[in-house]
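Protein chains: 2
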Amino acid sequence: MATEQISVSELCAAAKVAAPVLARAPREVKDAALNALATSLEVRSDQLIEANALDLAAGEAAGLSAALLDRLLLDPDRIAAIAAGARDLAALDDPVGELIEERKLDNGLELRKLRVPLGVVAVVYEARPNVTIDASALCLKSGNACLLRGSGSAEHSNAMMVEIAADAADSVGLPRAVITLVGGGRDQLAELATQQGVVDLIVPRGGEGLKAALEQVATIPVLYAASGNCHVYVDRAADLQQAAAIALNAKIQRPGVCNAAETLLIHRDVADEFVPLIVDRMIEAGVEVRADKAAREFAGEARATALVDASEADWRTEFLDLILAVKVVDSVDQAIEHITRYGSGHSEAIITDDDDAARSFELAVDAACVYVNASTRFTDGAEFGMGAEIGNSTQKLHARGPIGLRELCTFKYVISGDGHVRG
Amino acid sequence: MATEQISVSELCAAAKVAAPVLARAPREVKDAALNALATSLEVRSDQLIEANALDLAAGEAAGLSAALLDRLLLDPDRIAAIAAGARDLAALDDPVGELIEERKLDNGLELRKLRVPLGVVAVVYEARPNVTIDASALCLKSGNACLLRGSGSAEHSNAMMVEIAADAADSVGLPRAVITLVGGGRDQLAELATQQGVVDLIVPRGGEGLKAALEQVATIPVLYAASGNCHVYVDRAADLQQAAAIALNAKIQRPGVCNAAETLLIHRDVADEFVPLIVDRMIEAGVEVRADKAAREFAGEARATALVDASEADWRTEFLDLILAVKVVDSVDQAIEHITRYGSGHSEAIITDDDDAARSFELAVDAACVYVNASTRFTDGAEFGMGAEIGNSTQKLHARGPIGLRELCTFKYVISGDGHVRG
Numbered sequence: 354m355a356t357e358q359i360s361v362s363e364l365c366a367a368a369k370v371a372a373p374v375l376a377r378a379p380r381e382v383k384d385a386a387l388n389a390l391a392t393s394l395e396v397r398s399d400q401l402i403e404a405n406a407l408d409l410a411a412g413e414a415a416g417l418s419a420a421l422l423d424r425l426l427l428d429p430d431r432i433a434a435i436a437a438g439a440r441d442l443a444a445l446d447d448p449v450g451e452l453i454e455e456r457k458l459d460n461g462l463e464l465r466k467l468r469v470p471l472g473v474v475a476v477v478y479e480a481r482p483n484v485t486i487d488a489s490a491l492c493l494k495s496g497n498a499c500l501l502r503g504s505g506s507a508e509h510s511n512a513m514m515v516e517i518a519a520d521a522a523d524s525v526g527l528p529r530a531v532i533t534l535v536g537g538g539r540d541q542l543a544e545l546a547t548q549q550g551v552v553d554l555i556v557p558r559g560g561e562g563l564k565a566a567l568e569q570v571a572t573i574p575v576l577y578a579a580s581g582n583c584h585v586y587v588d589r590a591a592d593l594q595q596a597a598a599i600a601l602n603a604k605i606q607r608p609g610v611c612n613a614a615e616t617l618l619i620h621r622d623v624a625d626e627f628v629p630l631i632v633d634r635m636i637e638a639g640v641e642v643r644a645d646k647a648a649r650e651f652a653g654e655a656r657a658t659a660l661v662d663a664s665e666a667d668w669r670t671e672f673l674d675l676i677l678a679v680k681v682v683d684s685v686d687q688a689i690e691h692i693t694r695y696g697s698g699h700s701e702a703i704i705t706d707d708d709d710a711a712r713s714f715e716l717a718v719d720a721a722c723v724y725v726n727a728s729t730r731f732t733d734g735a736e737f738g739m740g741a742e743i744g745n746s747t748q749k750l751h752a753r754g755p756i757g758l759r760e761l762c763t764f765k766y767v768i769s770g771d772g773h774v775r776g
Numbered sequence: 354m355a356t357e358q359i360s361v362s363e364l365c366a367a368a369k370v371a372a373p374v375l376a377r378a379p380r381e382v383k384d385a386a387l388n389a390l391a392t393s394l395e396v397r398s399d400q401l402i403e404a405n406a407l408d409l410a411a412g413e414a415a416g417l418s419a420a421l422l423d424r425l426l427l428d429p430d431r432i433a434a435i436a437a438g439a440r441d442l443a444a445l446d447d448p449v450g451e452l453i454e455e456r457k458l459d460n461g462l463e464l465r466k467l468r469v470p471l472g473v474v475a476v477v478y479e480a481r482p483n484v485t486i487d488a489s490a491l492c493l494k495s496g497n498a499c500l501l502r503g504s505g506s507a508e509h510s511n512a513m514m515v516e517i518a519a520d521a522a523d524s525v526g527l528p529r530a531v532i533t534l535v536g537g538g539r540d541q542l543a544e545l546a547t548q549q550g551v552v553d554l555i556v557p558r559g560g561e562g563l564k565a566a567l568e569q570v571a572t573i574p575v576l577y578a579a580s581g582n583c584h585v586y587v588d589r590a591a592d593l594q595q596a597a598a599i600a601l602n603a604k605i606q607r608p609g610v611c612n613a614a615e616t617l618l619i620h621r622d623v624a625d626e627f628v629p630l631i632v633d634r635m636i637e638a639g640v641e642v643r644a645d646k647a648a649r650e651f652a653g654e655a656r657a658t659a660l661v662d663a664s665e666a667d668w669r670t671e672f673l674d675l676i677l678a679v680k681v682v683d684s685v686d687q688a689i690e691h692i693t694r695y696g697s698g699h700s701e702a703i704i705t706d707d708d709d710a711a712r713s714f715e716l717a718v719d720a721a722c723v724y725v726n727a728s729t730r731f732t733d734g735a736e737f738g739m740g741a742e743i744g745n746s747t748q749k750l751h752a753r754g755p756i757g758l759r760e761l762c763t764f765k766y767v768i769s770g771d772g773h774v775r776g
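Protein sequences appear in the order of chains A and B.
For the first sequence, our numbering gives the first residue as 354, with consecutive numbering after it.
For the second sequence, our numbering gives the first residue as 354, with consecutive numbering after it.
Please note: incorrect hints may appear among the correct ones.
Repeated chains share a single entry, so a pair holds when one copy, or any two copies, can fit it.
[Unchecked claim] Below, a list of computed lysine to aspartate or glutamate pairs in the EDC-like style, where the Cα atoms sit at most 20 Å apart:
#1 K564 with E479
#2 K369 with E544
#3 K466 with E454
#4 K646 with E690
#5 K369 with D686
#6 K466 with E736
#7 K457 with D771
#8 K466 with E451
Treat the hints as calculated values from the structure; they're not laboratory data.
Quantities reported herein were computed from a predicted structural model and do not represent experimental measurements.
Isolated chain A (complex conformation):
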């Protein structure tokens, strides 16, 4: 594809030139582009499936696992779902131009704080080719030119998708360079991550390896769509049937995602009843349970052989799999201490009917999302009513939790006077 003949710096510079045009585009133009993109994905789905077949063949030849090949696969249903996502975005409110605050200062100046696009946003991601369109569409709606750096294993699929997206932009009079694919290896990633004054933000969606690689080289702002080591704490005042349902949902409903629970903490006062109950339910659901000594004792001898001994490493691990670490704690404070030590600041839940325990947990747990009597699985832009998201941030600056349209924006103050000077 053409992108490989042009340097990363040149692609970024072209995106920066295109960015102000998109930043000032009215809502109707952006929504028309999103709808054109959705229609074109469906109309050109054969082309896209052909391109995807090349990636799948290369992946098979390279010995990719069945799971990775499945992540790579595009079929008519998946393409329809991606198109529906773009249409859903078109229906959402435009974040650009939103009035965040407005006030008249004592001196008569009129101050408005307005939401505006960041400018140029780079998204770095791994195999799943649907991210190419999801990220393009989010950036388009939020008025940001985007640079997309997908996995080499999806290069044909990604190139075709970016062609379709740039065509859609072009069809409504926007510059094609508002959506650009960036290829290459580690050197090109480093080039992208050091475009100070050109690229305003880089969002990596991927594992710890990608994060570590970027931490080494990035000089532009980075917003990590991070991993989650999430906990469910069953308090002594919990409704145990409710607690079991939530723990099970948090672990098994979709174990491979960042808001799935990895460790279950159980108050000692209910461990005698709850540990056997939850161990049986988890094992029945195919979950490997790694229990501390106390939890193994509460499980009883009959279940002992079905349990794995939990190690220190298990408290730190985001399994992203049907594995659950289980620990017995003496108090809500001990649960909070454990979470403070091992949690990644993503999503943490307490199950309790005791308002004081709930309040302590809410205040003391330093995480993007703190749940009371609900599953950690709800941490999601769509679930939160924010629309689509590009990932979840566990950083404390700028965006925490779901990174949606507003989180892809900054703001400016516009101050109007009639000759005001400072005295």
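Using the hints provided, position chain B relative to the given structure of chain A.
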């Protein structure tokens, strides 16, 4: 002082332990600490002035300039002003716990987005010792433990101020470690800037040298309280008397600060009348005018000898002095182009009675603060009604413009259900 025997990492670790106590302190406790701090500064002003005398003597011996010695000086009036600042902060609303958003999701979950402290904030600054108390007080009110790294030239003054501040915290039952002085050289700065998981934010207040030093080493989030290359653009539809008053105010009212104007752009259609007018006023005010060729021609031969030829470097320079670069442009678009190329994204003003020109400028200029018919000098937390500030950010992420109490906070989502699981 004791701080020099303990490593930076140990000081940071102690601040992190103290931080949750401060984060959960009620407003009354924080305000009592601020008022105690103000009173103690006044009561102990002799002690403080003695400590300051040691710094002044060392500064004189080291040959510091009169301007730097003046920046270092503490006298009863300055101490009273610092104390008043702490009392003013006590009177402001508590940002911690503010409800940013609240909504009931379709599934019945109650979602609240609450403002919470960042945790541990480090502030790095230069000679002015008043920053020690200003930063301590801002962090205290916003619920953040702070690490203060002032200039070596103010070490005795800073140590005494931190002692007073920590005593004030102690007097209301807060841990002394919520306010900590960090000394040492470049190695210690690097140690501070790499405290991942311990220090949540580092705010450098200082020149480009400090910024460059931190960009090299920092691995924790940095919010630069940045410099400003600010412009005033006089449109063809400007009221020229108003324009002259604003340009003069923006340049001379306090030339050494980041929101002072450095370049004046003048529309060609009014240059014949406005250039002579403003050149005379600026020169009368003691300003050195560096003019481009067109501006020199419009100034007329009689003034030519009083003008300096502007060079490319002048468009890029934050003079922070009684120097003004002047350029004639053909249109508002050309003014915007110049600002896009040379501005630092701080504060930019247009003077015009033409609503279309004002609207174009507001939309297209990518800066924290965009002014219409007002001086750039208003960019300031107190002027904006935000209370005190720790500086002004020209970054686009997290905080843009004045960094006040809210900007020193993050948020968390608290989600309450009654057994909600995701389907």
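So, going through the hints one by one against the coordinates:
1. Only within a single protomer do K564 and E479 lie at most 20 Å apart by alpha-carbon distance; the minimum there is 12 Å, versus 33 Å between protomers.
2. Taking the shortest alpha-carbon separations for K369 and E544, only the intra-copy value of 15 Å comes in at or below 20 Å, while the best inter-copy value is 35 Å.
3. Taking the shortest alpha-carbon separations for K466 and E454, both the intra-copy value of 5 Å and the inter-copy value of 17 Å come in at or below 20 Å.
4. Proximity of K646 to E690 under the C-alpha cut-off of 20 Å is restricted to the intra-copy arrangement: shortest distance 18 Å within a copy versus 68 Å between copies.
5. Taking the shortest Cα distances, K369 and D686 sit within 20 Å of each other only across copies (17 Å), while inside one copy they are farther apart (50 Å).
6. In the homo-oligomer, the alpha carbons of K466 and E736 lie at most 20 Å apart only across protomers (14 Å), although the nearest pairing inside one protomer, at 27 Å, exceeds that limit.
7. Proximity of K457 to D771 under the C-alpha cut-off of 20 Å is restricted to the intra-copy arrangement: shortest distance 13 Å within a copy versus 43 Å between copies.
8. Taking CA atoms no more than 20 Å apart as the test, K466 paired with E451 passes in both settings, with 9 Å inside one copy and 19 Å between copies.
In terms of the numbered hints stated before, the structure departs from none.
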